[in-house]
Structure formats: C-alpha cells, structure tokens
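Take a look at the letters that make up each chain.
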Amino acid sequence: MSERLKVRKTYKLYIGGKFPRSESGRTDLVDGDNVARASRKDARDAVVAARKAQPGWAGATAYNRGQILYRAAEMLEARRAEFKHLGVSGEEVSASTDRLVWYAGWADKLAQVTGNANPVAGPFFNLSAPEPTGVVGVIAPPSLLGLVSVVAPAIVTGNTVVVISTGPQVAITLAETWATSDLPGGVVNILTGDPAEVAPWLASHDDVNALDLTAVADAALAADLEREAAGTLKRVLRPAGAEADFTTDPGLRPMTALLETKTVWHPKGF
Amino acid sequence: MSFLDYAPAPESRSVVTIESSYGLFIDGEFGPGKATFKTINPADEQTLAEVALAGSEDVDRAVAAARRAFPAWSGLPGAERAKYLFRIARIIQERSRELAVLESLDNGKPIKESRDVDLPLVAAHFFYYAGWADKLEYAGFGPAPRPLGVAGQVIPWNFPLLMLAWKIAPALATGNTVVLKPAETTPLSALFFADVCRQAELPAGVVNIVTGAGDTGRYLVEHPDVNKVAFTGSTDVGRQIARAVAGTGKRLTLELGGKAANIVFDDAAIDQAVEGIVNGIFFNQGHVCCAGSRLLVQESIAEELLDSLKRRMATLRVGDPLDKNTDVGAINSAAQLARITELTEAGDAEGAERWSPPCELPGQGFWFAPTIFTGVTQAHRIAREEIFGPVLSVLTFRTPAEAIEKANNTPYGLSAGIWSEKGSRILAVADKLRAGVVWANTFNKFDPTSPFGGFKESGYGREGGRHGLEAYLV
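Chains as they are written, first to last, in this note's numbering: chain A, 1 to 270; chain B, 1 to 474.
Calculated directly from the structure, the hints in this document are not laboratory data. One or more hints might be untrue.
[Stated by the list, open to error] Not the full set, but computed from the structure, chain B residues with beta-carbon under 7 Å of chain A: (1) Arg239; (2) Arg243; (3) Gly247; (4) Glu303; (5) Ala430; (6) Val437; (7) Val438; (8) Trp439; (9) Phe455; (10) Glu457; (11) Arg462; (12) Gly465; (13) His467.
[To be verified] In silico lysine-lysine, BS3-like type, Cα no more than 25 Å apart, as pairs: (14) A:Lys52 with A:Lys41; (15) B:Lys310 with B:Lys432; (16) A:Lys41 with A:Lys6; (17) B:Lys445 with B:Lys406; (18) B:Lys422 with B:Lys406; (19) B:Lys38 with A:Lys268; (20) A:Lys109 with A:Lys9; (21) B:Lys445 with A:Lys268; (22) B:Lys310 with B:Lys112; (23) B:Lys432 with A:Lys52; (24) B:Lys432 with B:Lys406; (25) B:Lys445 with B:Lys324; (26) B:Lys135 with A:Lys109; (27) B:Lys135 with B:Lys83; (28) A:Lys52 with B:Lys445; (29) B:Lys432 with A:Lys109; (30) B:Lys112 with B:Lys432; (31) B:Lys310 with B:Lys445; (32) A:Lys6 with A:Lys52; (33) B:Lys432 with B:Lys422; (34) A:Lys268 with B:Lys432.
The C-beta atom is built at its ideal place from N, Cα and C for all residues, glycine as well.
With these hints in hand, go ahead and build the complete structure from the sequences.
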C-alpha cells in the first residue's frame, strides 16, 4: 500500500473571525507554502472588522475576557505538535502559553492596579479608571512568543487589533487557536505580508487609535509611521530597540500604553 | 441704576507692581532676549509691559542651564526637593492676591475666577506634588522610577499660571528640570513665578522661563537636548509637535482641544443643570479646552430648559475683569475675538439661530457677549469646531442612545457632562462616553488629585493626580 498523500494547509488572512484570501490575489512563497500577501484594502477591511467588534469586546465583563484568554492558552497548548512542526521550540510554546495565562489573569485586576479614587478637596465622588483606547494597529514580531506578547496585552483590556505579521505560518496557526477560543470575530485580525507596504495605511487610518511599533527594527520606517500617526494623534508604542526581548517579565507597560484614564466626578449630598 | 443692580466693586490694581520690561529667566537670572514684544491688557488694549522674545540661541542657553542643573536636582533626596516645592506653594499662597490681579490684567479673566479658582488651584497643585517627591517608589510606576531629564513645556493663555503649575509641579517633584514657554499674550505670571522661584531659593537652572511666540515654542520642542515635551494648546499645533517629535525618542504628552457634550436628561434638576451649563460654557469666557460647548438636551424638556437658561444668562455681568462682581471678562486677544466672530458668523450662515442677552459691552478692549445657538445640527461648524469662546451650541436628542452617539460624534474626547437624577443612567452613560473627564451633575471641577486629559484627538497623557507622575518618570 502506498503512503497516504498529506493534506496541506493553506495559509490565508484572519479578518473578522474568517480566513479570507487577500483581496489582491497575491501570495508569497514562504518555506514552501503560498501565503497571502495583504494589501491596503485588506488593511481597510480589517480595521472595519476591528472597529465593529470593539464596543462589544470592551463591553464584555472583565471576567469573560479573562476566561476567553485562558481558553486561548488551552488551545495553544493543544497545538504544541503543530507549532513544533513549524519550527517553534517546545520551550517557546510553553512560554507563549504561560504568557497568555498571565495576561488572562490581568483582565479583572488591571483596573484595580491602575485606577484609583481621588481625594479631591470637596464633596465629590471622584474615580479614575482605565478604558481601552479602541482599535490598535500592531506591527508584530515574527516569533510566536513575540506575537502573543504584543496581542494579548492589547486585547485583554478591551481593545481590538489589526496585526501585520512577517511570520505567516506561525501567525495564522495562532489565529486558528483564537478562532476556537470563543474570541469574538474581529477582536484579533491578522494580515500577513510586508509591513513597509501595509503599515503606513494603518498609521494614517482615521479609525485606528493606537499603533504598536515595539517590534519594528527599521528605525526609519518606525519614524515614518510615528509621523503618519501624528495626523490623528494616535498613541504610539515606540520600537523596543534592535532586538526586542520577549522572554523577560513584560511589566504593565504593554497594557497601560493602550489604555485611557477616565475620571468621573459626582457631587455628594443629601 | 435700579436697586437690583450692583455698584462697581473694583479690586485694587495697586497690589501688583508691573515693571516696564521683563527679560528671560535663564539659570536663575533675568536677561535680554534677541528682541522684545509687548503684552497688553485685553480689557483696555493698554500695554502692560515689554517682554523679551527668546530666539534659538536663547532657547539653547535655557536648555543648557536646565541640563547643567539636572544632575544635582535629580540627585537631591526626594524629601529635599519636596521642601522646595512646599516653599513655592507657600509663597504662592502669600502672594496670591497680587498674582490674581496680575493674571486678570494680562489675561482678561474675572478677578472672581483668578482669585477663587486659578490661584487656589495653583498653590494646591504645588502642595500636592511636593508630597509626592519622596514617595515616588510607591506611585505604582516601578520600584525605582527615575526622572527623564530636561522637560520642554509649552502652555496656553487661558489659565497661564495654573497651566504652569500643572507642568512644573510634577516635573520638579520627579526630579526633572524645566524650560517653560508661556503663551505670547500672557507671559507675565510665568515671569512672576520666576521671582517666586528665586524667593524660594530654588537652585539656578531648575526652572527656566523663555517668553516668545510660536517660533520660540518650536525651538524648544525641537531642541535635541530636551528629553520630554509637554504641550497644552490647540489640536493643530499638537499634531505638528507629534510630527516633530516622531523618531527622536522624546517623551510626549499633549493636552489639546475639546468639544464637550453637556447632556441634560428629562429627569435632571433643571435649576442645577442651568447653573452647570452656564458654568460649563461661560466660565473663563469659554476659553476652556474642556468647556461644555455642545448642549445636548432631551427634546421633551428643551423649551423649559432654554427659557431658564436665557433668564439666567440675562443676569451675567460682562465687563471689567477687576470688578469683583464680573462674571464674564474680556476675550484674551484680538485674534481670538476674530476667531469667535468668524465661527459665530458661520453659525448664522449655516442656519442656526443666535441669541444673546441684552448686554452692554465696553468700548475698548476685546469683548463678546454670552451667546447661544439653537437649531444646531451635527454638521454645523459650530457643532464640530472648537470655538474657545462664550458660545454654546444647542442640540436635542430623544433617547440615551442618541445622546451618546451625538456626544461621541467628534474627533475630540476631553470631557463631557451628564445631568440626571437617576444613578444607574448616569453610570451607564458615563461608561459609554469617550472622554477623559466626565462630570455628572457638576461641571468644570478641577483638583490637583484628579487626573485630567483626553481621549482621541484631545491628546494623550494625564495631568494631575497619581497618574500625572507617569509623564515625567521612566
């Protein structure tokens, strides 16, 4: 009996909870796979999906968001063999899974750490609490741990993201874990392709609130994107330097940089 | 004069001595700049003083002085830095009558406001941040937070000394040194503050004041040896600064424009809401980035509310800023008056209906009567653009969902107001408003402990409170 012919996977984009091809019809050959090369219009569609999903995701309870991120960790753990096949070490899958678990736990705690009551000099209730900034454009590092480390802190607080990835097989396989984690469609959108081509469209897009450039190695590209982002005063996370290290404790900054502080006043009186 | 009218009650101008000219305050000394300009009293257009204009070399000197002062200042124990700030707060309290009169003269704001709002908040801000200087490791920004270095700070003309306090107090408490540029139409209180620093024996170079216009601000913001830029002003200039700072690694906070919705539901306490609306838009002549400049009133009570509002507006006293009875003072400059005039003319042209109470305006100086526009749609320029004057645009809504949608239908997101007697409605609406400060059954309240700053194109970063420390720490 002859050996069974393998059923290969097609790596497409991840937009609005679905896996469409690039509207441009373009693919790149990466490690033997034809992977989608996203276009300006794919970026536009992804922003529409992210915006549509954002109020519902931000409006979900923090407990619910935490549960979903934890579920994503379970799904990632279960795909260990597939990631290994893509060349991701078992250690990296473990670290990525653990990071998701870490962020899942932050969902219903961050407001307690970053918000506070303010003792104003008058008879007022006054409370500052964090809120998601909205839709975040992310230029992601190619590694699994890097990708998890930029997406999880953005979404755990209620933002939705449009990610540009240069590691297509890993990114789309990770997307499959999110698609099976009860994460509402559109919360995470992944475009694979060339950041230099697609990122400027996100940087100048009026409906994107923030831009995460942590993983951008090209300083000139990062500066250009930051200048573009100034047009609508997007919040910008600047590049982490030549080699972003995702193995260390990320601290709160990846989450707090994508939050707004809202302060509510109300008089006290009988 | 009827028995209901108020007799004039002018505050004494003699409590402040304004010199005929002022220099730049660099490295603890006043000295000349590359040119001079005049600052006037907007209430009578008379020159108050001639002020030095800082050129790029002057800004270089100021930044160099701040850089030289940085190691020693940041190396001081926090408790010692705190004591300098407490000293400054105390001196401001002692000199607050003088500074209030000065602020009203240079800015045009009513003495009632500079005396009862600006100056008390200035002193309170220094007191508040003084106490943080030796407690930074407990602020929640890591176990060993460090200062950034030299902060370049550019402030507007609407609350000159208060905006200075918002910038300088947290910067110094965290161990940074500063170069601050006040607005060109209101430079005097910053120069008096320089004198306060000397009285407090603050080390030379820790605070430097460079006066001038847009070019001076640009030299400062673009200076390569500045580590941190903090700006309060228009969204357009904020964009230019964000562009200029891109790629430099400088830290940046921006507090920009607003077009706040003040939402009145049908169950609101009408008289309180009317007071809140008046305070929201006519406080400080409406020269307030967080002014409640769009009134969203539920349709069923619109007529009743507008009647009350008009009655209340008819009692506003517009005139001499130094009169203790004055409610609405002078517009800060001819340029700002022209902008308000242009936008209100656009309101007329686009079909909104203008109303102002009968009100006699002084013959000299820059004045604009309190004004409301009804019949305003969301597409009108007066509903979209920041007027920064005593002009209220009135829109109506039927359901909470419509109110929220209209309130958020702006690129700005600085502040918002909600008037309702129903707690659950207030909290649900507050959750959905995309604004950094939400005042419920109150408006235009400020406190040094309470963070202030915007969502969206109203800028980023927070000033005030524990949150305000983050902008000056790494």
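Structure-based check of each hint:
no.: 1; hint: Arg239; verdict: holds (5 Å)
no.: 2; hint: Arg243; verdict: holds (4 Å)
no.: 3; hint: Gly247; verdict: holds (3 Å)
no.: 4; hint: Glu303; verdict: violated (27 Å)
no.: 5; hint: Ala430; verdict: holds (5 Å)
no.: 6; hint: Val437; verdict: holds (5 Å)
no.: 7; hint: Val438; verdict: holds (5 Å)
no.: 8; hint: Trp439; verdict: holds (5 Å)
no.: 9; hint: Phe455; verdict: holds (5 Å)
no.: 10; hint: Glu457; verdict: holds (5 Å)
no.: 11; hint: Arg462; verdict: holds (5 Å)
no.: 12; hint: Gly465; verdict: holds (6 Å)
no.: 13; hint: His467; verdict: holds (5 Å)
no.: 14; hint: A:Lys52 with A:Lys41; verdict: holds (17 Å)
no.: 15; hint: B:Lys310 with B:Lys432; verdict: violated (30 Å)
no.: 16; hint: A:Lys41 with A:Lys6; verdict: violated (33 Å)
no.: 17; hint: B:Lys445 with B:Lys406; verdict: holds (23 Å)
no.: 18; hint: B:Lys422 with B:Lys406; verdict: holds (20 Å)
no.: 19; hint: B:Lys38 with A:Lys268; verdict: violated (46 Å)
no.: 20; hint: A:Lys109 with A:Lys9; verdict: violated (39 Å)
no.: 21; hint: B:Lys445 with A:Lys268; verdict: holds (14 Å)
no.: 22; hint: B:Lys310 with B:Lys112; verdict: holds (22 Å)
no.: 23; hint: B:Lys432 with A:Lys52; verdict: holds (15 Å)
no.: 24; hint: B:Lys432 with B:Lys406; verdict: holds (12 Å)
no.: 25; hint: B:Lys445 with B:Lys324; verdict: holds (21 Å)
no.: 26; hint: B:Lys135 with A:Lys109; verdict: holds (23 Å)
no.: 27; hint: B:Lys135 with B:Lys83; verdict: holds (13 Å)
no.: 28; hint: A:Lys52 with B:Lys445; verdict: violated (34 Å)
no.: 29; hint: B:Lys432 with A:Lys109; verdict: holds (21 Å)
no.: 30; hint: B:Lys112 with B:Lys432; verdict: violated (35 Å)
no.: 31; hint: B:Lys310 with B:Lys445; verdict: holds (23 Å)
no.: 32; hint: A:Lys6 with A:Lys52; verdict: violated (38 Å)
no.: 33; hint: B:Lys432 with B:Lys422; verdict: holds (16 Å)
no.: 34; hint: A:Lys268 with B:Lys432; verdict: holds (22 Å)
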